Amino acid sequence: MYKVIAGAAGMGHVVLYAEPLRYWWWLAMFFLAVVAVLHHWRRSPKVGAGRGFYLLEWARSLSLWLAIFTCCAAIGTWRLESLVAAQLPTALDKTKIALIIRIDNLQVVSPLRTQLSATVVSSADANGTATLSKPYSLLGKHLRLAWYSPPPDLAVGQQWQAEVVVRRPRGMINPGGFDYGAWLLGQGYQATGYVAATAEATLLAQAAPSLLQLLRTHLQISMSSIASEPAHRFFLALLMGDRQALTADDWQVLQATGTVHLMAISGLHVGLVGLLGFALGAGVVRTALRARWVCSAWVYRIGPPIVAIAFALGYALLAGFSVPTQRALIAVILVNVLWATGGRYSRWALLALALLLVSMGETLAWLQSGFWLSFIAVAFLLAKYDGSVGYREVGKGYSRFWRRAIVALKVQCLLSIGLCVPLWLLGFPASALSPVANFIAVPLVALFFVPVLLLWIPLSFTPVSELALAALAWTFNLLWSGLVSLAGLPHALFWPATNIQGMGIVVAVLACAMVLSPATLGMRLGACGLLALLVLGLRPNQTPFELVALDVGQGLAVVVHQPYGALLYDTGAAFSDRFNAGSHIVVPYLRGRGAAPLSVMVSHADADHRGGAAAIFKQLPPDKVWFGEAFPALPHGAIACVAGQRWQYGGADFSVLWPPKRSGGNGVVTPFAATKNSNNRSCVLLVEYRGKRFLLPGDIDRSVEQHLLKEPSLKDIDVLIAPHHGSKTSSSRVFLEWLRPQHIIVSAGYKNRYGHPHKTVLERYEAIGAAVWTTAQHGAINVTLEGEGIVVKAERLSRPKVWR
1 MYKVIAGAAG
11 MGHVVLYAEP
21 LRYWWWLAMF
31 FLAVVAVLHH
41 WRRSPKVGAG
51 RGFYLLEWAR
61 SLSLWLAIFT
71 CCAAIGTWRL
81 ESLVAAQLPT
91 ALDKTKIALI
101 IRIDNLQVVS
111 PLRTQLSATV
121 VSSADANGTA
131 TLSKPYSLLG
141 KHLRLAWYSP
151 PPDLAVGQQW
161 QAEVVVRRPR
171 GMINPGGFDY
181 GAWLLGQGYQ
191 ATGYVAATAE
201 ATLLAQAAPS
211 LLQLLRTHLQ
221 ISMSSIASEP
231 AHRFFLALLM
241 GDRQALTADD
251 WQVLQATGTV
261 HLMAISGLHV
271 GLVGLLGFAL
281 GAGVVRTALR
291 ARWVCSAWVY
301 RIGPPIVAIA
311 FALGYALLAG
321 FSVPTQRALI
331 AVILVNVLWA
341 TGGRYSRWAL
351 LALALLLVSM
361 GETLAWLQSG
371 FWLSFIAVAF
381 LLAKYDGSVG
391 YREVGKGYSR
401 FWRRAIVALK
411 VQCLLSIGLC
421 VPLWLLGFPA
431 SALSPVANFI
441 AVPLVALFFV
451 PVLLLWIPLS
461 FTPVSELALA
471 ALAWTFNLLW
481 SGLVSLAGLP
491 HALFWPATNI
501 QGMGIVVAVL
511 ACAMVLSPAT
521 LGMRLGACGL
531 LALLVLGLRP
541 NQTPFELVAL
551 DVGQGLAVVV
561 HQPYGALLYD
571 TGAAFSDRFN
581 AGSHIVVPYL
591 RGRGAAPLSV
601 MVSHADADHR
611 GGAAAIFKQL
621 PPDKVWFGEA
631 FPALPHGAIA
641 CVAGQRWQYG
651 GADFSVLWPP
661 KRSGGNGVVT
671 PFAATKNSNN
681 RSCVLLVEYR
691 GKRFLLPGDI
701 DRSVEQHLLK
711 EPSLKDIDVL
721 IAPHHGSKTS
731 SSRVFLEWLR
741 PQHIIVSAGY
751 KNRYGHPHKT
761 VLERYEAIGA
771 AVWTTAQHGA
781 INVTLEGEGI
791 VVKAERLSRP
801 KVWR
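For the sequence shown, the residue numbers in full-length UniProt numbering are 1 to 804.
These aren't lab readings, by the way, just hints derived from the structure by calculation.
What you are looking at is a predicted structure, and each value in this text was computed from that prediction instead of being measured.
It is possible that part of the hints are untrue.
[To be verified] Here are the simulated lysine-lysine pairs, DSS-like style, with alpha carbons at most 27 Å apart:
1) Lys715 with Lys728
2) Lys94 with Lys661
3) Lys728 with Lys751
4) Lys661 with Lys710
5) Lys751 with Lys94
6) Lys624 with Lys692
Kindly produce the complete structure, drawing on both the sequences and the hints.
The following block contains the structure:
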């Protein structure tokens, strides 16, 4: 087993810790040679059974482990580099190319936008003219494309000739944030992009749909009778892995109740379907043996596993053969193959072997939270239960039904407590309602709804289909109403006080060990107390002052950390109904840092500055809010920015320099409103700490910069957030020469359509000798003070990966 674990660790090492190391192959050959020499020496008659023999055995075993580790690391390195090499070269990024593509999958994001997966059939136009030069060819590559205002008859299997703007896979990089580039790589996409002109796209061929596609389409149409009910969204997710209909409110309810794993096809569902197939196969084989239709006992050995694998494979294909279903399918195949061959392995050896096979099948599996949570949950159960379900622990005074119920509740409590720390380490909250919600929902969803939905598939071709589906939907709606009610209870979710590290990890491991050990009730309550300490007691080891410009694409979000709180300047953009910088970038970062209490300043009402505000106000209600220009999501009591406002917090001085005071007709001071230019209503904030000065000017242009030249406090700024993302309408030469900043941080999207930062502006920055940092190139930018100097670190440079 330890050799298997060493192999899995080797596969994961190359993606977790550093860029692939090219000397893994040499290390592997070296250790294999050492193993061969030691093995030959061990067989020598000169080697006795004394201390030297045992040292030799120890050295041989260690060398074998290291050889397996380095071999797997070398294989992982080779596979990872092959995936990266297949991606679109940087030189071809944002190139418009005429392609013939085949649609493999599509998802309607909105009435005006469809997201699709496509395979390049030909990188030439209809006349056969090559559109892409060698040595790189897009032929056969998988693309993730957006199609704006697509044709209404767009369908899977069609071949289209269209002009496509291709992009190299790339994502925003933030501390503890989601790595979109790694996700694209793991999903097998070699490029992203969008269809440039819908009117010029031509349908070339309508491929005959496969039986699987016809079945999926038939099931979607058959379910349209319950389209207005909540059950419709979840039945599509449970039966076909189609989660696009699930709303943001649905996901919040699932997260609050700890039931996310139930409403998306996971290892639990695939495993149960495989178990159902095994039971069915075993029943058929037993019947055949009794009736003497077959006479060989080996049929009983291989028959049920074949049926189990067939059931699990069919369910995975129906669900779109997504990465999680592939992972679960590997485990099902492994267990059934070992059953069929009569293998006798410990439960830990099986888990380790599954870990290795999944790592080999998915090069970047170790970067996925679902991978960790799945294996950790199974490990907890294996550590606590040795194969028996533990009915005897309950006592003899209960019936078999109540014993099963109590054991199931104990299992849910164990998983809920044991998974708290892994969830927090991965940046997710822990649900206080999870034991109760899962105790009710797990048997209903896994043992009732999923099997009944599978049985409904043949019924969908009969006249009773609609009636059966309506009855099933009514039952599910009752369950969903209960989960919604549970999610509405206060304090449903618990977040740790900070990202767990150092002593926090020691406390977490100790608490998990106490939960898993055969301890008394008092010790288990003590473990819960240690976990509560992680939630409430431990505070982050923050430096006295820190400024972080988050990578939010084309937008701005800057966090000023102080010992006992943080100020957020701007909130990033809302890119779509499903993705905005506030909920997907800013909130996870702030929760990971334990940044509370929180104050927010929204410079002005442009979408790239206030787009994430609504989500932040809802998920992390701030103590105070300042604004330069009103917008709908502003909470009651928000304060308008006015020049002259000053306050001190955590040893730092904050000063608002713009917009100026302006008296209304009733004598009330109101925000500056003389200009029609929204950018010039931006709050300009000066932060001073221990003689260092940081200027956050929003989107002001050169006209406001001229006014700010009268401010003596702006002379010799240390760090400047580039005005208006480095636009040519800002960062005037005279303004920069007055500020003389040491460092300039430009927050802009990678190769954005506005051309930010402008080439002329970059030349001005270079002329004054400032160090220029851009979130597009460097990811999130972190500024700290060490001694009398300023230290700037870039997330892409400090945490390099080969795919970034």
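Hint check:
no., hint, result
1, Lys715 with Lys728, "holds, 22 Å"
2, Lys94 with Lys661, "violated, 45 Å"
3, Lys728 with Lys751, "holds, 16 Å"
4, Lys661 with Lys710, "holds, 16 Å"
5, Lys751 with Lys94, "holds, 8 Å"
6, Lys624 with Lys692, "holds, 24 Å"
Figure legend: structure checked against the earlier numbered hints; the only hint not met is number 2.
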